[in-house]
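Just so you know, the protein sequences line up as chains A and B, in that order. Numbering follows my numbering, in which position 77 of the first sequence is assigned residue number 77; successive positions increment by one, without gaps. Numbering follows my numbering, in which position 101 of the second sequence is assigned residue number 101; successive positions increment by one, without gaps.
These aren't lab readings, by the way, just hints derived from the structure by calculation. Some hints could be false.
[As the list claims (entries may be wrong)] No farther apart than 35 Å at their CA atoms in a straight line, the calculated lysine-lysine pairs in the DSBU-like style are these:
#1 A:K78 x B:K87
#2 B:K20 x B:K94
#3 A:K81 x B:K178
#4 B:K20 x B:K178
#5 B:K118 x B:K20
#6 B:K111 x B:K171
#7 B:K118 x A:K74
#8 B:K94 x B:K178
#9 A:K78 x B:K94
#10 A:K78 x B:K171
#11 B:K171 x A:K74
#12 B:K171 x A:K81
#13 B:K111 x B:K20
#14 B:K87 x B:K178
#15 A:K74 x B:K111
#16 B:K178 x B:K118
#17 A:K74 x B:K94
#18 A:K78 x B:K20
#19 A:K81 x B:K118
#20 A:K78 x B:K118
#21 B:K20 x B:K87
#22 A:K74 x B:K20
#23 B:K111 x A:K81
#24 B:K171 x B:K94
#25 A:K81 x B:K94
#26 B:K178 x A:K78
#27 B:K20 x A:K81
#28 B:K94 x B:K111
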Amino acid sequence: MNQHPNQHKEHSAEVHIVSYREHASTFLALILLTVMTVTVSVFGADLYTLTVLTALAIASAKAVVVGLYFMHLKYDPKIYKAMMAVVLILFTVFLILTLIDYLIRP
Amino acid sequence: MDTTFVLPNSGHNRDDVSSKLGMWLFLFTELLLFGGLFLVYMVYRFIYHEAFLHASYDLNVWFGGVNTVVLLTSSMTVAMSITAMQKGDILLSKRLLWLTILAAGIFLVIKAFEWSAKFSHGLFPGMEHYSTLPNGERLFFFLYFFMTGLHALHVIVGAIILLVVINAIGKNRVRQDKYMFLENGGLYWHLVDLIWIYLFPLFYLIH
Chain A
1 MNQHPNQHKE HSAEVHIVSY REHASTFLAL ILLTVMTVTV SVFGADLYTL TVLTALAIAS
61 AKAVVVGLYF MHLKYDPKIY KAMMAVVLIL FTVFLILTLI DYLIRP
Chain B
1 MDTTFVLPNS GHNRDDVSSK LGMWLFLFTE LLLFGGLFLV YMVYRFIYHE AFLHASYDLN
61 VWFGGVNTVV LLTSSMTVAM SITAMQKGDI LLSKRLLWLT ILAAGIFLVI KAFEWSAKFS
121 HGLFPGMEHY STLPNGERLF FFLYFFMTGL HALHVIVGAI ILLVVINAIG KNRVRQDKYM
181 FLENGGLYWH LVDLIWIYLF PLFYLIH
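Excised from the complex, chain B in its bound form (with noise of 0.2 Å):
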């Protein structure tokens, strides 16, 4: 980090550290926001254990498993976009950010056939076979979208995140001796990804 002195109000000074740690603060009230969710996963699997077990079943292993690997993957570009920034390596840097923000489509594509699926099988809070459903299953299927779509949301947010980043690259506002504001953005992105390796096997593989 940077220790040497500059003079107050010169117009130069910054604290990586610190912005650092407020991005990490940040993080923490997301993590306890979907914390809170899980807890009220936690609750309703205790009770209506049964169900949640059945209608897990009516998820696809797959769908989930693939957008596992494509998130697994995008944390490591965004990871390795750093690294190649502390190098000086800019444009692997910008190619690697692009590579997330594609990764960031092709998961959503992913969720999108899977939610259509979903749909043209009634099974969204508030259609037909849905309001047929025993209370358990129905609980199950209201914490799945919402859940994962709460998630799929800062997915979409982490992709402007990584465009932004990639427009201050090119203006040369993020360089090899000032990258916090990639390394930050590169927080957000794996905060992402760990939502979504707790949100794969309770949702998916609970059976």
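The shape of chain A in the complex, shown without the other chains (with noise of 0.2 Å):
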């Protein structure tokens, strides 16, 4: 990265900065998945618990990717990412206790 000479070197080395080029990539790869996502969608009609399934591993894919890319966590310190996961884990445990009610209620 093209560090500017200036005062603040000390500190800017820190940053990391990311490129221009990083960025359009990770915005193709996010249009790639969501073409592949309407792809099963509208061309699977028929696998019905197959497209959710995908359609919800292709999101999270996504999630990720904007995440670790455009919203720096790749490069930020540990602790966004932590508390992110912290915070996917609470939603998870949410999300099974739901289902476990309405799987087992008669």
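Bring the two chains, given one by one in their own frames, into a single complex with the hints.
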């Protein structure tokens, strides 16, 4: 990355600047995943459960890409990533508990 | 981040890591707000999955698909705007933010067309045709309007935040060595994109 020789050099060296090219590739990856999910949905309409699971899996892949690259989680201090993980685990617990409730209810 | 020592109360002390931490904490409350709605969706879809399947055919995949591309593009421009700011290219940074706001406008216009098509079919909760639908389909449209409506509200708020950021850049309150406001505004915008990433397949693509 091109560092600017200014008085802030000592701390700007710590910040990882994500390049335009990297953002553009991230965008391309996201568009590809979107095309994939639409294709699966439109042409795989008879594979009911498969399409739902595939759609959710692709959506989660997109969310991870947005989080890591656009939201800088990959290069930022680890604390944000750790907190995100806690929130996701919390939500998964809510999800599973609710699901169990409705699955075993007579 | 800024590690140079500054005297307390000198008017220059700030903590970028904590600033971003605060933003993330706020984003978590937003995630759980929408998370709760997704739980409601999951439960009703489990109970009425035939009706949900049937009702989802009334949504137009192309409206949703184009809006997905619009939001992904805007996410890229706001991320690039931060890169431009870090490299000291103020003008490019501002232009990219304007592009993001333009994308927010396009998103809302497409959404308005989509919603008005639903209104003309009488599918909004309380309308005549809506009242004649079976329970499951009514719930589907209720959730559809509530969740995409709440999301659209977030798009509007996100665009306003970015306008304030542009103003702050103009007044030199956001600059190459002090851009946390831009970065936090960007984080909010990415959240809007993240939520749409899940809304799109769950409402438009479930057939």
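Against the structure, the hints come out as follows:
1. A:K78 x B:K87: holds, 23 Å
2. B:K20 x B:K94: holds, 21 Å
3. A:K81 x B:K178: holds, 23 Å
4. B:K20 x B:K178: holds, 13 Å
5. B:K118 x B:K20: Cα-Cα ~39 Å, so violated.
6. B:K111 x B:K171: OK: B:K111 and B:K171 at ~33 Å, within 35 Å.
7. B:K118 x A:K74: Violated: B:K118 and A:K74 sit about 41 Å apart, past 35 Å.
8. B:K94 x B:K178: Distance of about 15 Å is within 35 Å: holds.
9. A:K78 x B:K94: Holds, because 29 Å separates the two Cα atoms, which is no more than 35 Å.
10. A:K78 x B:K171: holds, 32 Å
11. B:K171 x A:K74: Holds. B:K171 to A:K74 sits at ~31 Å (cutoff 35 Å).
12. B:K171 x A:K81: Holds, at roughly 33 Å.
13. B:K111 x B:K20: The hint holds at about 31 Å.
14. B:K87 x B:K178: holds, 12 Å
15. A:K74 x B:K111: Holds: A:K74 and B:K111 sit about 32 Å apart, inside 35 Å.
16. B:K178 x B:K118: violated, 45 Å
17. A:K74 x B:K94: holds, 25 Å
18. A:K78 x B:K20: With Cα atoms ~12 Å apart, A:K78 and B:K20 stay inside 35 Å; holds.
19. A:K81 x B:K118: violated, 40 Å
20. A:K78 x B:K118: Distance ~45 Å between A:K78 and B:K118 Cα, so the pair is violated.
21. B:K20 x B:K87: The hint holds at about 20 Å.
22. A:K74 x B:K20: Holds, at roughly 14 Å.
23. B:K111 x A:K81: holds, 33 Å
24. B:K171 x B:K94: holds, 12 Å
25. A:K81 x B:K94: holds, 28 Å
26. B:K178 x A:K78: holds, 21 Å
27. B:K20 x A:K81: holds, 12 Å
28. B:K94 x B:K111: holds, 26 Å
The structure fails to meet hints 5, 7, 16, 19, 20 from the earlier list, while all remaining hints are met.
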